[in-house]
Every structure is written in C-alpha cells, then in structure tokens.
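Participant: Work out the full structure, taking the sequences as your base and the hints as a guide.
Line by line, the protein sequences are chains W and P.
The C-terminal residue of the first sequence carries number 223 in my numbering, and the numbering is unbroken.
The C-terminal residue of the second sequence carries number 180 in my numbering, and the numbering is unbroken.
Everything labelled a hint here was simulated from the structure, so no lab data went into it.
Just so we're clear, the structure is a prediction, and the values are computed from it rather than from any experiment.
Please note that the accuracy of each hint is not assured.
[As the list claims (entries may be wrong)] List time: in silico EDC-like cross-link candidates among lysine to aspartate or glutamate, alpha-carbon distance up to 20 Å: (1) P:Lys158 - W:Glu74; (2) P:Lys107 - W:Asp85; (3) P:Lys107 - W:Glu86.
[Stated by the list, open to error] Chain P is nowhere near these chain W residues, computed Cβ spacing over 12 Å in every case: (4) Ala44; (5) Ala45; (6) Pro46; (7) Ser47; (8) Ile48; (9) Ala50; (10) Phe72; (11) Glu74; (12) Val76; (13) Val77; (14) Leu78; (15) Arg79; (16) Asn80.
[To be verified] Pulled from the structure, derived: some chain P residues nowhere near chain W, Cβ distances all over 12 Å: (17) Asp4; (18) Asp5; (19) Ala6; (20) Leu7; (21) Leu11.
Note that beta-carbon positions come from the ideal geometry of N, C-alpha and C, so glycine has one too.
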Amino acid sequence: MRPAMPPCGRGAAIQLPNARLRRTFPPPLNPWPAVTLPPKPSPAAPSIAAIFLVFCRIGLLSFGGGLSGWVFREVVVLRNWVSEDEFLSGLALGQILPGTNIANLSVYIGQKLRGVAGSVAALGGLLSGPFVAVILVASLYDRFKSVPYSDAAMDGVAAAAIGLLLIIVVRGARHAGRRPAGAVALVATFVGVAVLHLSLLLVVAVVAPLSVLAAWFGGRRHA
Amino acid sequence: MRDDDALVALLAVFVPFSFASIGGGTSILAGIQHQAVDVHHWVTSREFIDMFAISRVAPGPGSMLTTLIGWHIAGWTGALVATLALFVPSSLLCYGVAYVWRRHRGKAWHTALEEGLAPVGIGLMIAGVFAIMQLAGGGALSWILAFATMALLMRWPKLHPLPLFFMGGVIAVVVRATLS
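Facilitator: In structure tokens:
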C-alpha cells in the first residue's frame, strides 16, 4: 500500500478531485494492481528500419486514400509507438500546415520516435512504395492506351475517385459551416480560385489570415 | 527542352506548391493543372486527367500525381525531383512546427489557426474538384459517378474504394459504348 495517501483522516482532505474515492475505508479493491501502477512505460523507440518498413507498408496498402486510418492502426493500435492523443494532435497539425496531410503526419510521428532520422525514415517509407507503384501503373496504362474505350474507363475511375474526395468536402463543409466566418472563408476561397480564376497563392494569402483572425476573435468572444 | 532546364522548371513550379497546399494535396490540384497544362505545356488536358486517375488508383497519397508529371517530362530523375520538390519543403516546415505545436495544445491561438485554416482548405478542395470535373470528358455522367461513389462510401464506410473505382470505369465504358 502507499502510506503517503492515507485512506481517511485529515490527510485525505487535501487530496484533489478524487479525494472522495480515497476517503472510503476499507479502500476499494485497487483497480490498478501493482504491476500496472506506473504509467505504461513507453516502449523502446523502434529502429529506423522498423519505422521505414511500417510506413512503407502503410504507403503500399493505402489504395484510394484512407491513409490516416492505416497510420492509426499500424502505429497506435498495433505498436503503441505514440499515444492516441499524440496521434490526434499530429493529425490536426498535418491538416493546418501546408503539405499533404499524411506526409506531415508521418514527419510528426517520425520526429517523436527518432528525431530527424525518424522523420526521414517515415516519410521515405511512406513515399518510396507509391513512387514506384504509380510509375508502374502509368507505364502499364501507356501500353494499354490503344485499347478501345480506355479513355472512357479512366474518366469513370477518375469520377469515382472524386467521390472519395467529396466525402472530405462534405465533412469539412459541415464543420466550417458551424461558424459564419468559416462559411464565408470557404465560399470566398472557392469563388476566388474556381470562379474568378485568381492565383491560388494570392487567394490563400488574403483569405487565410482573415479567416484565422475571425476565428481568433470569435473564439475570444465566446471564451 | 533539355533535361536540366526541365528539372529546374519542376523545382520552380512545385516548391511553391509545397507551401501552398494547405488542407492537403487536393487543394493545389487546380493550380498544378494550370501550371502543367496551360503555362508550361508539360502535359495535355487528356494526359493530366489520365494521370489524376492513375494517381488515385495507385496506392499512396494523391499528390503522387506530381511524380507522374515529373516522370513524363524527365524520366526517373524528373519523377524524383518533382516528388522531393513537393514533399520536402512542407515536411521541413512541419518538422520545425511540431515541437512548438506539442507544447501549446489547447491555447487560443492554436484553436484559431485550426478553425481558421480548415475552411480555406475545404474551399480549395472544392475548387480542385471543379477543375478536374471540367477536364474530365464524362460531363454529367462524371458527376453522377462521383456523387454515387460518395453516397455509397458514406453509407458503408467499410466498403473498399477500389471495386467502386472499377465499377465507375465499367459504367463509363458501357455508357460511352451505348451512346456511340
């Protein structure tokens, strides 16, 4: 038992929120037996090769998107390399920073595990498989381009692939629409790029700071 | 175009896009299409839409479309240069920010950045979808296939997207063959 925490008496009164639990006597069965009392020790950092191989597998398995789901399964659920909270924070970071979300997430996890070398291994693993695969697929496509209706087939596949993107659009628009400023920023960005054909960099340079400012002041008002 | 010129041009185009791609690779689709097709004439509209489809069918991030453009104009070296140009600059930035990020989770400016940038990313993504749809030859059929795929995947998230992509191709061929 832990003498530093008396189960009852004056000592218990200064215990913070869970003090009431501690005051019961005799103490309830300890739900955390001694062997698991310390927080789960973070496993020894995996080797650079292990990081590379796991992210290589993620890259090759991820047909048609859903990469974040694969990363979560391989890195958090199966290997406990990072905690769920750390993963979610990294996911948000990957989304708000420029760059492919999944590449940013890989850099973030690699950095947590092994610093610079870990990030290089994670990003390299993630991209090396698809790098070869995408060129392989393209070579095969060039060879079979003369097949009748191959154009139509590729149009159909591309259209279905856009369906996968539309899911993100629907989820993101729903989220952005919760705040009027978010909806305005979304529409302004779309109109600037797709309707007015302004430079994408210009649109981002104007709309993004205003949108962040609106979210900043909106957030402060509610706080 | 000599190979060296091509590699420099690839760097000049894709490094800025690396920093512009807020909200993921899809957000720069429209910009890449504009640069590769209209400005530099690296690929035709037809080739670009083919490359988009290939990059979606092949495993890995959709941004591997960039790899294909590099490969198309300067072989394996071009593919490598284009890929690194798109992924390395943003990754360096991400690496630097990750330290600060972890320490300031939950603070007001952190939330404001998250909330403020998300709608911009989605707006860019919709613009990218429109750009691809205008390129695609399918017209109304493309929109129907896209929304049908979306509906199926939202109703049954466990469905594997690849068979749906395959069905999209089959349906497009059948429709095209019937109409012609």
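Participant: All hints, please: hold or fail.
Facilitator: So, going through the hints one by one against the coordinates:
no.	hint	result
1	P:Lys158 - W:Glu74	holds, 17 Å
2	P:Lys107 - W:Asp85	holds, 16 Å
3	P:Lys107 - W:Glu86	holds, 16 Å
4	Ala44	holds, 21 Å
5	Ala45	holds, 16 Å
6	Pro46	holds, 18 Å
7	Ser47	holds, 20 Å
8	Ile48	holds, 16 Å
9	Ala50	holds, 20 Å
10	Phe72	holds, 14 Å
11	Glu74	holds, 14 Å
12	Val76	holds, 16 Å
13	Val77	holds, 16 Å
14	Leu78	holds, 19 Å
15	Arg79	holds, 20 Å
16	Asn80	holds, 18 Å
17	Asp4	holds, 21 Å
18	Asp5	holds, 22 Å
19	Ala6	holds, 17 Å
20	Leu7	holds, 17 Å
21	Leu11	holds, 16 Å
In this structure, none of the earlier numbered hints is contradicted; all agree with it.
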